[in-house]
Structures are given as structure tokens and as C-alpha cells.
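Since the structure of chain A is already known, use the hints to place chain B on it.
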Amino acid sequence: MKKFLLIKKDLTLIIGFFLGIILLYLFLPKNKISFNDLAYEEYTQRVMGYANGERVHCNDLDDIYLCIEGYKKNGNGDSVILWFGNSQLHSINSYSQGDETASSLLHMALRKKGYYLITFSQPNANLQENYLLFSYLLNQFPVKNIILSTVYDDMREDEIRTSIYKTLEDTYVLNEVDKTTIGKNLIINYKKKYLINNDTKAREETNQDYLENLINKKLEKIWQLWSERDTLRSHLFHNLYLLRNTIFQIDPTTIRKKILGPYTKNMTAYKEILNLAEKKKIETLVYIQPIRNDIKIPYDLNEYNLFKKEIATISKISGAYFSNLENIVPSKFWGKTSSINFKNKEDLDFMHFQAEGHQLLSKNILYELNKINK
Amino acid sequence: MLFNSLSYLLLLFLFTILYWQSNLQIRIILIFATSLLFYGFSGLEFLWILLFSITFNWFIAKYLINLNKSYRFFLLLISLTFNIGLLFYFKYLIFFINNALLFSNFLGIKVDPFFLNIILPLGISFYTFQIISYVLDVYQGTIKPENNFILFSCYVIFFPQLVAGPILRSSEIIPQFLKKTKFSYDHIIVGLTMILYGLFLKVVLADNIAPLVDYGYSIPANTLSAIDVWTLAFLFGFQIYFDFSSYSHIAIGSARIIGIYIPENFNFPYLATSPKEFWKRWHISLSSWVRDYIYLPLVKSKVFHKSTGGFFIKLNKIQLFPLFITWGIMGFWHGANWTFLVWGLYHFLFICINRLIAPLTKNLSGIIVWWSGLIFTLPAIMLAWVPFRAQSISDVMIMWLKIFDLKSYAQLNMRENTYLITVMIFCGFFITYLLKKRIYHQFHSKLFTSKIFNCFLIGFIIFFVIIFFRSNNQFIYFQF
Chain A
1 MKKFLLIKKD LTLIIGFFLG IILLYLFLPK NKISFNDLAY EEYTQRVMGY ANGERVHCND
61 LDDIYLCIEG YKKNGNGDSV ILWFGNSQLH SINSYSQGDE TASSLLHMAL RKKGYYLITF
121 SQPNANLQEN YLLFSYLLNQ FPVKNIILST VYDDMREDEI RTSIYKTLED TYVLNEVDKT
181 TIGKNLIINY KKKYLINNDT KAREETNQDY LENLINKKLE KIWQLWSERD TLRSHLFHNL
241 YLLRNTIFQI DPTTIRKKIL GPYTKNMTAY KEILNLAEKK KIETLVYIQP IRNDIKIPYD
301 LNEYNLFKKE IATISKISGA YFSNLENIVP SKFWGKTSSI NFKNKEDLDF MHFQAEGHQL
361 LSKNILYELN KINK
Chain B
1001 MLFNSLSYLL LLFLFTILYW QSNLQIRIIL IFATSLLFYG FSGLEFLWIL LFSITFNWFI
1061 AKYLINLNKS YRFFLLLISL TFNIGLLFYF KYLIFFINNA LLFSNFLGIK VDPFFLNIIL
1121 PLGISFYTFQ IISYVLDVYQ GTIKPENNFI LFSCYVIFFP QLVAGPILRS SEIIPQFLKK
1181 TKFSYDHIIV GLTMILYGLF LKVVLADNIA PLVDYGYSIP ANTLSAIDVW TLAFLFGFQI
1241 YFDFSSYSHI AIGSARIIGI YIPENFNFPY LATSPKEFWK RWHISLSSWV RDYIYLPLVK
1301 SKVFHKSTGG FFIKLNKIQL FPLFITWGIM GFWHGANWTF LVWGLYHFLF ICINRLIAPL
1361 TKNLSGIIVW WSGLIFTLPA IMLAWVPFRA QSISDVMIMW LKIFDLKSYA QLNMRENTYL
1421 ITVMIFCGFF ITYLLKKRIY HQFHSKLFTS KIFNCFLIGF IIFFVIIFFR SNNQFIYFQF
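Protein chains in written order, with my numbering: chain A, 1 to 374; chain B, 1001 to 1480.
Honestly, I wouldn't trust all of these hints.
[Stated by the list, open to error] To give an idea of the chain A side of the interface with chain B (calculated C-beta under 8 Å), a few residues: (1) Leu13; (2) Gly16; (3) Phe17; (4) Leu19; (5) Gly20; (6) Ile21; (7) Leu23; (8) Leu211; (9) Asn216; (10) Ser227; (11) Arg229; (12) Leu236; (13) Ile255; (14) Ile259.
Hints in this document: simulated from the structure, not taken from any laboratory.
As the structure is a computational prediction, the values presented were derived from the model and not from experiment.
Glycine included, each C-beta is placed from N, C-alpha and C at the ideal position.
Chain A with its partners taken away, still in its complex shape:
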């Protein structure tokens, strides 16, 4: 009997183990999709801008070489205009073959005037990231103007992507941003992250890391699920996000409150971008990003109006050009997005518009730029 019970105990662990594995296989999504691209399922297409077969639109330091190569081939040493924004710039709602983003359209228009436009955009890009990226790009291109998109939603963001933090590996950038309070703060946080990475780098040379990598690679070869763990993690987090939104009845129209900490940091970074541009004699166009206006916007209106006012005031003080483009895209050019909760099938998209919206954005920016570069 005792032996029988022992075997039963063994089985608990073994059955539990196999149950866990079965659950993993059941949970594994059929379509592999990265966490950043979850918004692009069926309604919106990620489109990076091209001109004459070369990339004129990049995300960050991971793909910047494509834009540098493009400039070397087609730029002829012309003055560069940099455009910073979020996923609105690289997404087309209800995409059809041949649709182009504002970055490509504006690039072509500006090329006729002898300027070379390069766009940088990341999902939920925040102004601290833009500050780092701008400081880095100053040393890469002969910059004449910058176009800076300001988005109320992204003032809640505070994370700096590793692919943007990499800019601080450049001594020029490090020295430049070290002159400002927000820059110092970014360097401190970067060093914390960098030290962890350094630890990992150091361990790469240790026996443990060598062995760890070896076992990991072997395991990935013999067991496919092990190599799919990134997908599983993304899928799990996405489902938790949907679950949270379902429980708290969150949808795209739910009011997003200002978060003071990130807001203050991003506003400070904004000031530093304008200061740096002024110092380098680069003229700047700041605009309030278009937003869907046919239904109630998901912001506290008092907070949102204060934000717009603050952006405009700072731009005026710093001698930058300001334009409010929030209403330039009519409701018919917006679209839908896959639902952000389990309850609805689809939701309204406040951030990404259709190709016609891109044409309007490009035209409006060009109009404003013409005023600057008379």
C-alpha cells in the first residue's frame, strides 16, 4: 500500500508536468506576432516609407543604417529634415496595395525643393526618446529642420527602448545630454540598465554563460516550444491586457488621465529638444498630432487643452513654429481596430488613419514647412 501511495505521489508530479506542457501547446498562438505589432492584426498595416527604392523612414538605431545608406545613395549631401513621431507615421488603416505614408509623400515633395526628409517613428514614442534620438542624429546628418509630433497619449509613456538607449553609447550624445537635468536622469537610468547588460556580457565570457547558451541552443533545436517562449510571453501579456480591459470595461474611448511623473519628464525633454535645436540653429516645426474628432476623445478635456497650451507656449518661447493639426483628418478617413477587450469584436481607432489621412498630413506639414523655409 505504502509503495502504491509513493507511486501515486510520483504520478502527481509527472502528471502535473505533462499537464503544464499540454497547456503550453494549447496556448501557443497559430500566428506569431510580436508584442509591438499586436495593434496591426487585421485593420492596420505597418508601412515604412521608401523613396527611389531606399528607406527614408526608420524606427531606431536597429534599422538606422538603412536610412543612412539611403541618404548616401540619393541625398547628394543635401540638407536633411528630420521628422519624429509615433506609430501614426508608419501605420495605414484599411491599407490597399500602393498606399503610401505621409513620410514617403512628404519626402518626395521636399526632394523637389532640395531637402531630404528622414522620418523616425516608434509605437508610443515619447519625447525623452525623441530627445536622445535627435541628439544622436545631429551627428549623422546635416540637419536643417526638425518636425516634432506631440501626442497627448504618449506623454504617459516613460520607457526608453534599448534600441534608443544605444544612442548613449556615442560619446558625443553622452556629453551633449549630460548638460541637461533630464539628460542626466536618462544617463543614470541607462547606466543602471547598461550595468545589467554589462554583467550579462561579462557572464557571456564565463563558463556558466557558455554552458547556458549551449544548453539553450540545444534545447531550442530538440524542443520547438522552447524557442517559442517569446511568442508565448507576448501572447500571455496580450491576453492579460485584454482581460484587464474587459474586467474594468476599458475601451478606446475610456478617459486616459495624465500621469504627472512621465508628463513632467516628457515636457522637460520637449524643452531640451527645442533648446538644442535653437543652439544648433535648426528651425523646428512642432505640431499637435491629428486625432479622431467625430466622437468624444479619450482624454480629460481640461488636461488636454492645458497640454496643447503648454506645447504652444514652450514652442513660442524657444522660437519654434507651432501648428495644431488635430482636426485635419475628417472622420471618414479614420478606421477601426481590433478590440482591446474580450467583449467587443472591434473598436474605433483613434490613432491610425487611412491613406487619405496621410496625404492630408503630408500636405499640411509641407504647407507649414514652406512658411519656415521661405
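Positioned in the frame of chain A, the structure of chain B alone reads:
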């Protein structure tokens, strides 16, 4: 070597197979060799310090016993000076030099700063405390010195508890090495289950809380609101608990696989109803060590000589100075920073206040005392974690003062998820306690139901551990 790595699991697997195939002598050699391999994997440069420390103290203890009283004391002093000196050099020298420089500058004496590159050897605080307890026990005649060098080494470097404890006494572990334990599936199953729980606490809970805490503490302290401070205090409190108790779980599980019992280091510490009870439930082996080798000798009381029980002493007379010294040392043991001293002194004050209040509650009913104890102790303990994690004393003060700023209770400065996750973990902690201690016992007698429950529990744990298993996150207590 990290516990949350595939290489550790492989090492443990191979070690276990060889261990159960071997006779007693080979087993001891196997423990010794595996422990050296385990420590050496993180870098060979500190292995010699560890080995030198073991050899030196083994000789001292071996010859100490045969000498007369004054020579014995002299040898004890040499050993203590060596061990504390080693700890001081690696852990505190830079801190003291930096502070001396600041102080001299404050006095107007200009001293050019200089740079010292001293890296803290892994686990030095833990193995030094184990060695000190051994030498002191031999000196006091509580135990006989161990003649077998390998066996003594195994006590110090036993790989499951080498890097971050539990801090064991030689009398608890050496006899177990000498016992020829028979193979039992029970050891394997209990051990593996403990390791699995430990991995869950580390890779699923602690490592996923860490970015939220890191982010919260990267916000300038003066921009935080009262709710933010409470949230960060609780969140870090849970992170450090999950992180450290996971290490202890894996340590206990790894030892149990080969039939060696290591006492529990945690027992639902956040359910403590007083600071005294908290130190009976939190890092039990360290608080027991501090009790036996610092506090009780200072108050000239009888020492317990065991790594269980924690800092829970019933003394008639309150002696503040020994308590103050004990908590100062306890604080500094955790790290060379004034913030750790503040943490220690906070606990000292908390214990003093509790000793003053406790007699007043004698006439109240048990349930009122229990609930009020819990309601006051938990937030107070959580606030104590602020200096443990903050970068400077000024940040600590700003954060602590924030909780009295009633206006800032209406403001939130972090992402909504941070608050939500904190509440979920808080509730989850109490639900787990109820499940484990109350409800689980009720249907444990029903064999089939409990087996089904266990299968699903293990299944879910496996599911999450495999998804989140990553070997790039160290344990917090490695830095101590």
C-alpha cells in the same frame, strides 16, 4: 552559478544521479567538488579567497581547543579579526574611504579622491557568518572541531546555501553529511516540488515585479505622491520576499533531493502581528544568527545555537543599547550604505515602540490584538523597505514624509497597472495563505481530490515557469 539557469538544473541532475550511486565517502567528496564547481562557474577569481578563509579558520578551530584559556581567546580574536577584516575589506572599505573623504572635505582638509576597484565576492557575507558561528561554537565548547577538512569545507561551501543562505550551524548540517541516507522517491519529489515553487516565485513573480519597482524608484522622489510611496513600499516588499524566499526554496529543495534537511527561512512574514514576530518569520537563519552571536552575548544571556526561531527572545529586562548595536550591525550587514543603517535603526525603533505598547494590550481580546497587530505591523514593515531600496537618505526622508502629506493622496504618478498589480499581489498573498494553511488541509485527507488539485497546481506552475524562465536576473540577496 545562478539557481534560475539551465546549467544549474543540469548540474543538479548529474550530481543527484552520482550522489545516490555513491558510498558515504564519495558522497562527501562529491558535495565538495560540486560546490567548488558551482562557485567557480561564476568566476574563478574569488574561489581562492573562499578556500583560504576555510583553511585558515579550520586550522584555528582545530588548534584552539587544545590551548589554555588566554591563548584560546587570542586565537579567537585572530580568527574574528581575519573574518571581519575580510568582510570589511571587500564590502565596506570603499564606503568608509568615501565617507572619510567627504568628512575631511567638510572639515576643510582637502584630500584628492582616489579610485579603488574592489569587487564583492559572491556570498562572502553568508559564508563568513557561517565560519564565525563555527569558530565561536568551538571556542565556547558547544561543538567539537571538525578534524576532516573536506567535511568542514562542505559545511561552508555546500552549494545549495553557499551564496545566499540559509545561514546554517555546523551542528545542523555536518551530522547529516555523515549519515548514509537511503534513497527515497520522497526526497526527490519533495525536493523537486520545492525547486519548482522557488522557480515560480523567482521567474514569474519577482522578476516581473522588478521592472515596476525599478521604474518607480527612478522617478524623482519629490514628484511621488503618498499613494506612490505606499505602492512602491509594498511592491518592493513583495519583490524582495518572492526573490529571497525563492532562493531559500530552491536551496532547501536542492538539499532535500539528496536527503539533507535545511530549515525553513521564511514563514509568511507579512502575516506577522508584531515586529518581534516578523523577525521570527523573515530570514529566520540570519535573525537567529544575530540573536545567538550578537544580541544574547551582549545581554549576557544563554545562546540557543540553532538557526531556527529567529529574533524572538523573551527577556524580562529591556536593554536598549544591545538592541541598538544589534540592529545597527543587522543594517550594515545588508550593505555598505547609510540607507541600510537607517533600515536597521527603523527596526530598532519599531521593536522599542512595540515593547512599550505590548503591555497595554494585555487586557484586550485575542482577536482584536491579532487584527490590530496585523494592520499596524504590515504597513510599518513595508515602509521599512523604502531605505532598503532607495538611492539616498534624502530620498528616504522625502518618501517617508510624503505619507503624511494628505493632499498628495489624490495624485497618481505611475501607470495604472502598477497599482493594480500591487493590489493583486497583496490579495494573492493572503489568498495563498488561506488556501495553504486553512482550505488545503480540509481536503488533503481526501486523497483523490488533493491529488487532482496538486496535478493542476503543478501544471500551472510548470506552464508559467517555462514561459518566464530566463537566467539573466540575479537574486537581490547576491549583492549582500
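Hints, one by one, checked against the model:
1. Leu13: Hint holds; Leu13(A) Cβ to chain B Cβ min 6 Å, cut 8 Å.
2. Gly16: At 3 Å from the nearest chain B Cβ, Gly16(A) passes the 8 Å test, so the hint holds.
3. Phe17: holds, 6 Å
4. Leu19: This hint holds: Leu19(A) lies near chain B, its Cβ roughly 3 Å from the closest one there, short of 8 Å.
5. Gly20: holds, 3 Å
6. Ile21: Because about 7 Å separates Ile21(A) from the closest Cβ in chain B, which is inside the 8 Å limit, the hint holds.
7. Leu23: holds, 5 Å
8. Leu211: The hint holds - Leu211(A) has a Cβ within 8 Å of chain B, the shortest such distance being about 4 Å.
9. Asn216: holds, 6 Å
10. Ser227: This interface hint is violated because 12 Å lies over the 8 Å limit.
11. Arg229: holds, 6 Å
12. Leu236: holds, 6 Å
13. Ile255: Violated, about 12 Å.
14. Ile259: holds, 6 Å
Checked against the numbered hints given earlier, this structure breaks hints 10 and 13; the rest are met.
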